[in-house]
Structure formats: structure tokens, C-alpha cells
Amino acid sequence: MATVVQYEQLGGPEVLEVAEVPDPTAPAGGVVVRVHAAGVNPIDGKLRSGGRPSGPFTGPRVPGGDAAGTIVEVGDGVDGWVVGDEVVVRGAKGAYATHLVADAAQLVRKPAEVTWEQAASIGIPVSTAHQALVSLGVADGETLLIHGGSGAVGRAAVQLARRAGATVVATASPANHERLRELGATPVAYGDGLLERLRAAAPQGYDRILDAVGTDEALETSFALVDDRSRIGTVVVGGRAAELGIQAWAGGNPVPLTAEQSALRDEAYALALDLIARGEFEVDIARTFPLAEAADAAHLVESGHPGGKVVLLP
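Take the sequence shown: its letters are residues 32 to 345, numbered as in my numbering.
I should point out that these hints are in silico values taken from the structure, not numbers from a laboratory. We put the CB at the ideal spot given by N, CA and C, even for glycine. Warning: the hint list may mix true and false statements.
Ranges of calculated distance between the beta carbons of each label pair, as one might list FRET restraints [to be verified]:
#, residue 1, residue 2, range
1, D247, A170, 27 to 35 Å
2, S293, P84, 13 to 21 Å
3, V113, G43, 40 to 48 Å
4, P285, E248, 18 to 26 Å
5, D305, D110, 21 to 29 Å
Given only the sequences and the hints, what does the whole structure look like? Please build it.
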């Protein structure tokens, strides 16, 4: 029997329950992965609580979009993958589990130098950061402001933007400033006087802004700093993008990602895994939890201050 964490009604982390289900079997063109680590992301809680629409229930739902593990069964018609291969699953469905089914096209090979925790932490945050930065047009020599630099998306965006040659300023609470400096950003605290502090941090001005917070404060300061709103993008309040005249990628955006943007998200997996393996990209793991404590992991993520990635270890 496989173990899953599921929910049968919308609500807080308390609606999550551990259940035993029959072992899945590999379909044609797919595999079964024994999950060794699953990333816990804010979107998991938004879907579970109803904060992000997800359609009517047709049965229990198993959350989780980021997983890494070992292939334990290969279906008919699968080439290039064998039992025992260590993989990361792109766009996983039901990662809060000991076993999950994935299409062979979703698999990315995990380098031996990358830990399971790191491998399960890159999917949603790094693919979001990479796709947003490229779509926003961040380039060498520019100055980028990131609202919410201490979150998983923000930390990934800081590192990727620095690799692209940009100067990065990132807003965050003071407790996270030292870490942001280590990653290559100039940190600025939220709160009263933010606009003045941001101007002082980059007297040359800002070329582009990535919003990973979605607060009125973040949006208002962005509009004061950059006149051309096409140079401002959000990954959080996409539902307001058209009204505000800014770019948006997911985050409730009713406009789906383009094929090019989806391809950018897919390529981010191999890019990040290679950089991690070479010691050129860092993933901060705040805490790991056993699968049975998924509700506690969700509480920590939804507190808004986990201090890095939270990972389940089935």
C-alpha cells in the first residue's frame, strides 16, 4: 500500500489527513516514482483553502507539485528511463505521497551531487523565477527590484538575476537581510519610508521590478519608481494585472502562460539542477517534516516566515 496526504473539503491545514491507498501502476508512457522528498509551496495552501479556484471535488485530493524520487516501475513505451533512475518530476500531481505516477516527459534526471531535499525544492520557485525574469527582460547592467526577496521565489530570482549581470535590490524583513546580502542583493526593509529607502539603495534608478509579495505597498512603490508599467511584473496578484497595466505570470492571472513561457519553466529544472551540482546556486532548506506531519509543514509555510524551503520526506 502507498501512503498519501489528502483532503476531501476546503479548509486550513487541519483538513489534511493521512490515508493508505493501493500502490499505483505505471501507465503506458509513464512511470511510478518512489517519492523521497516533496516540496511544500504556498500554492498548495491556496488551492486547499479555496483561495485559488480549483473546480468541484470529484474525490479526495492529494496536494503537492514538486517531487523528487526513484523510478520503481516503468510503463510500456517509455524509452530512456529504467527502474532505479533518480529523477525530479516537473509539474508533479499529488506529490504528498510515498508513490506517484508521472508521464515520462515530466522527468528530469537528478545529478548525484544534488540532495533529495534540494531537488524537491526547485520546481515551482525556480521555474517561476526563471520564467518571470526572462519574460520581464532582465538584462546585464540593469537594476532590478524584487519585492519579497526572502521567499523561495525571491531567493531564486536574486541568484538568477545576478547571474544575468543585473544589480539587485530586494525588500525583506530585517531578519533576512544578511542572507540576501550573501546571495548578492542589497536588502531594504518593508514599512513606512520604503520608497525613500529604495531610492537611496539605487540612486541610478530601477529598470525593472518583480513583485513576489502583492501588497499595496509593493505595488504603489513600484509605480513611483518605474513609469513604464510593462517593466513591472507580478507572480502573486495576476488577477489585477490588466487593471494595473503590469505583466503577470500565474498568481491568479486569468491569461494562461504562453507556450514560450511554459517552455522557460520547463528548462529551469535542468538549469537549476546543473547549477546546484556545480555549487553555483543555493537552496535554503528551512525544515523537513515526515509525511505524517504535513499539516504542521503547511502551517509553517502559511505563516509566511519559514526562512527557506519546507520539505516533506515520505
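Assessment of proposed distance window 13 to 21 Å (beta carbons of S293, P84): holds (20 Å)
Status of the given 21 to 29 Å range, CB of D110 versus CB of D305: holds (23 Å)
Supplied distance hint 18 to 26 Å, evaluated on CB atoms of P285 and E248: Because 24 Å falls inside the window, the suggested range holds.
Verdict for D247, A170 (Cβ pair) under range 27 to 35 Å: For D247 and A170 the Cβ distance comes to about 29 Å; the hint holds.
G43 and V113 - C-beta distance against the hinted 40 to 48 Å: holds (41 Å)
Hint compliance for this structure: every hint is met.
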